[in-house]
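Can you make the complete structure from the sequences, with help from the hints?
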Amino acid sequence: MTGVLGWMDRASQQRGIRFAAPDGQWRFWSYARLAEETARVAGGLCAAGVQPGQTVSIVQRSGPGFVVSLFGAMLAGAVPSPVAPSGGIGGAAAFKEHLSWVLSVAKPAAVLADEDFADLVPAAVHTVAQIRANPVDATPTDTALLQFTSGSTGRCRGVRISHQALAANVAAIRSWIGLDGSGTTVSWLPVHHDMGLTGCLITPMVDGSDIWLLSPEEFIRRPLRYLRCFGEEGAQYSAMPRFALEHVVRRVPPQSLAGMDFSALRALVVGAERIDASVLEQFTDLLSGHGFTAGALRPAYGLAEATLAVTGLPRGETWRAVERDGVRVVGCGPPLPGVSLSIQDEQGRPLPDGCVGEIVVSGASIADDYTGTLRTGDAGWLEAGELYVLGRLGDGIKVRGRHVFAEDLEATLVGLGASSRHLAVLLGNHGGRDTAVAVVEEKGEPGWLHDAAKALRVRVDGAAVVVVAAPPRTIPRTTSGKPRRRELWQRFAAGQLPGRVLVEEEGRS
Amino acid sequence: MTIDTEVGQRVRQVVEALAPMQDQSADDSARLVEDLGYHSLLLLELAFTVEEEFGLEPLDESRAGSIVVVGDLVAYVEAAVRERQ
Numbered sequence: 091m092t093g094v095l096g097w098m099d100r101a102s103q104q105r106g107i108r109f110a111a112p113d114g115q116w117r118f119w120s121y122a123r124l125a126e127e128t129a130r131v132a133g134g135l136c137a138a139g140v141q142p143g144q145t146v147s148i149v150q151r152s153g154p155g156f157v158v159s160l161f162g163a164m165l166a167g168a169v170p171s172p173v174a175p176s177g178g179i180g181g182a183a184a185f186k187e188h189l190s191w192v193l194s195v196a197k198p199a200a201v202l203a204d205e206d207f208a209d210l211v212p213a214a215v216h217t218v219a220q221i222r223a224n225p226v227d228a229t230p231t232d233t234a235l236l237q238f239t240s241g242s243t244g245r246c247r248g249v250r251i252s253h254q255a256l257a258a259n260v261a262a263i264r265s266w267i268g269l270d271g272s273g274t275t276v277s278w279l280p281v282h283h284d285m286g287l288t289g290c291l292i293t294p295m296v297d298g299s300d301i302w303l304l305s306p307e308e309f310i311r312r313p314l315r316y317l318r319c320f321g322e323e324g325a326q327y328s329a330m331p332r333f334a335l336e337h338v339v340r341r342v343p344p345q346s347l348a349g350m351d352f353s354a355l356r357a358l359v360v361g362a363e364r365i366d367a368s369v370l371e372q373f374t375d376l377l378s379g380h381g382f383t384a385g386a387l388r389p390a391y392g393l394a395e396a397t398l399a400v401t402g403l404p405r406g407e408t409w410r411a412v413e414r415d416g417v418r419v420v421g422c423g424p425p426l427p428g429v430s431l432s433i434q435d436e437q438g439r440p441l442p443d444g445c446v447g448e449i450v451v452s453g454a455s456i457a458d459d460y461t462g463t464l465r466t467g468d469a470g471w472l473e474a475g476e477l478y479v480l481g482r483l484g485d486g487i488k489v490r491g492r493h494v495f496a497e498d499l500e501a502t503l504v505g506l507g508a509s510s511r512h513l514a515v516l517l518g519n520h521g522g523r524d525t526a527v528a529v530v531e532e533k534g535e536p537g538w539l540h541d542a543a544k545a546l547r548v549r550v551d552g553a554a555v556v557v558v559a560a561p562p563r564t565i566p567r568t569t570s571g572k573p574r575r576r577e578l579w580q581r582f583a584a585g586q587l588p589g590r591v592l593v594e595e596e597g598r599s
Numbered sequence: 049m050t051i052d053t054e055v056g057q058r059v060r061q062v063v064e065a066l067a068p069m070q071d072q073s074a075d076d077s078a079r080l081v082e083d084l085g086y087h088s089l090l091l092l093e094l095a096f097t098v099e100e101e102f103g104l105e106p107l108d109e110s111r112a113g114s115i116v117v118v119g120d121l122v123a124y125v126e127a128a129v130r131e132r133q
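Chains as they are written, first to last, in the numbering used here: chain A, 91 to 599; chain B, 49 to 133.
Source of the hints: derived by calculation from the structure; they are not laboratory data.
For clarity, every value in this text was computed on a predicted model and none was experimentally measured.
Just to be clear, a hint being listed does not mean it is correct.
Stated by the list, open to error - Covered by chain A, per the in silico footprint, the following chain B stretches (three or more residues, Cβ under 8 Å): (1) 57-66; (2) 76-83.
What the hints assert, rightly or not - If you want a taste of the chain A side facing chain B, the calculated C-beta under 8 Å gives, among others: (3) Ala182; (4) Ala183; (5) Glu307; (6) Arg490; (7) Val548; (8) Val593; (9) Gly597.
No residue lacks a Cβ here, since even glycine has one placed at the ideal position from N, Cα and C.
In structure tokens form, the structure reads like this:
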């Protein structure tokens with residue numbers, strides 16, 4: 091077995107995954123046991139008629155069933171496609187909508203679901219217990235994963251990752267972090283998206299090293315249980331987005347860390363959304379009396395379209411921030427091995443160091459749909475070989491790790507009474523701040539404008555909000571009538587948008 | 049004041065304290081996501097805070113899942129508190 095399935099040949103009885111149980115215990119599954127079950131799931135999928143190259147959607151929570159379904163589908167020559175479940179207050183309706191959208195895009199030949207989700211899937215649904223059968227030899231396929239970006243409800247996009255791209259990114263991450271098969275990775279991230287899936291599950295499995303896995307709910311409820319994995323058990327590696335660092339700072343009382351020692355923690359990767367220098371400092375302050383050093387924080391940049399990781403701060407270096415337009419921007423390190431990066435202008439011309447432009451990535455880990463070169467839609471600049479990321483260019487931003495797209499916000503405003511033919515919403519980074527701009531071709535101030543500003547504020551949580559009343563035909567459109575947002579964004583950014591500013595609110599930086 | 053209205057007041061206080069949109073009042077018809085700005089992780093935190101505050105068992109997925117407005121949450125907690133007594 092080659093590539094990311096190679097772990098099955100070397101599967102150890104001693105090493106494996108510890109899954110956090112709700113009773114505070116950990117359930118250990120050795121890699122040998124996981125490999126055996128993976129082969130049975132693959133056999134079952136083949137017996138159920140799943141053909142090489144067909145998609146298998148996985149609608150399961152983080153757990154052994156998810157792991158054997160993921161690799162079982164790959165082993166059967168199929169393409170696994172994880173779907174993130176959601177629960178809790180108000181979760182049911184949102185999840186139903188999300189699931190039906192994802193299944194309509196993925197068109198799976200079979201669905202492997204947790205028992206309580208099975209009713210929500212129209213056809214060809216099995217639990218892991220039902221699908222198990224004797225292993226068979228299957229034909230491998232080129233595509234390893236159909237990965238959905240963590241978009242807002244109903245709007246996420248599917249990205250196809252080849253086995254070659256996945257193996258290349260896993261190898262790059264292992265070398266960057268310095269995984270040597272002996273450490274322990276701890277993760278509470280959803281296993282359904284790039285950071286939790288490729289970064290904290292597939293990569294350490296290929297490395298053959300131990301993993302401790304908690305659910306996102308468990309981390310939010312008891313962040314101390316996650317911290318104990320390092321402070322008491324001596325784990326070395328983990329990754330999470332900025333809001334999780336904020337959650338730890340907010341919810342963990344300093345006295346509860348008494349007796350813990352974080353000196354074994356070698357790499358805590360921080361990525362997936364804009365990194366705030368002050369949050370890195372607060373997190374370090376909380377733990378620094380317990381052996382934690384700022385050098386363990388490894389800011390990184392990546393995206394699902396590039397499998398996962400693009401750049402990251404190297405071992406032995408301490409993160410730094412550069413001030414730009416009054417905002418401290420944290421450096422995300424140089425490109426990982428095998429990845430190349432440039433900053434380009436609108437016409438695709440490379441820009442010199444220090445100039446802000448679009449981040450363009452190429453290399454072996456780019457998703458199939460981009461033929462080797464990915465224009466990310468993210469703005470940033472390079473300085474001394476290190477990438478500084480500002481945010482999205484014109485059509486989207488990230489709020490708490492989720493993409494918010496301009497189209498969605500336009501739909502919201504139309505729901506409040508705006509005319510879609512006289513409206514464009516722009517999202518991007520302006521002067522170092524995530525910013526939402528609503529351009530409306532209106533003479534007066536119609537009644538829905540007040541509600542519109544309020545709705546925008548809620549949806550972009552913390553970003554700056556600007557509403558501009560512009561003269562007719564200000565919004566450039568494609569022949570099919572879609573607003574040309576990038577062009578409009580450029581005019582806004584250059585201060586050349588005509589009309590009156592009706593609302594202007596500064597967000598958080 | 050009856051027990052029920054006391055519970056309702058305390059639920060509304062918790063909802064307001066955690067809500068990102070601090071200028072909105074948590075009356076019964078306010079929607080948690082659209083009006084008060086709750087996102088998925090904060091909804092989890094709200095659930096845990098309510099459980100702690102009222103000493104409840106973890107929220108029942110099938111019932112909690114259909115909560116949309118503050119009034120739904122108040123009704124849920126009032127029922128859970130009554131069941132416990």
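Count the residues of the stretch 76-83 of chain B with a beta-carbon closer than 8 Å to any beta-carbon of chain A: does the count reach three? Held - the stretch 76-83 of chain B has 4 residues with a Cβ nearer than 8 Å to chain A, which meets the minimum of three.
Is the shortest C-beta separation between Gly597 (chain A) and chain B less than 8 Å? 12 Å, violated
Have a go at the Glu307 (chain A) hint: is there a Cβ in chain B nearer than 8 Å to its own Cβ? 6 Å, holds
With a cut-off of 8 Å, does the beta carbon of Ala182 (chain A) approach a beta carbon of chain B closely enough for the hint to hold? Holds - the Cβ of Ala182 (chain A) comes within 8 Å of chain B, reaching about 3 Å at its closest.
Report holds or violated for the interface hint on Val593 (chain A), using the least CB-CB distance to chain B and a cut-off of 8 Å. The hint is violated - Val593 (chain A) has no Cβ within 8 Å of chain B, the shortest such distance being about 15 Å.
Against chain B, with CB atoms and a cut of 8 Å, does the hint on Arg490 (chain A) hold up? Holds. Min distance 5 Å.
Status of the hint placing Val548 (chain A) at chain B (closest C-beta pair under 8 Å): The hint holds - Val548 (chain A) has a Cβ within 8 Å of chain B, the shortest such distance being about 5 Å.
For the stretch 57-66 of chain B, do at least 3 residues have a Cβ located nearer than 8 Å to some Cβ of chain A? violated (count 0)
Quick check on the hint: Ala183 (chain A) CB to chain B CB, less than 8 Å? This interface hint holds because 7 Å falls under the 8 Å limit.
Consistency note: the structure conflicts with the earlier hints numbered 1, 8, 9.
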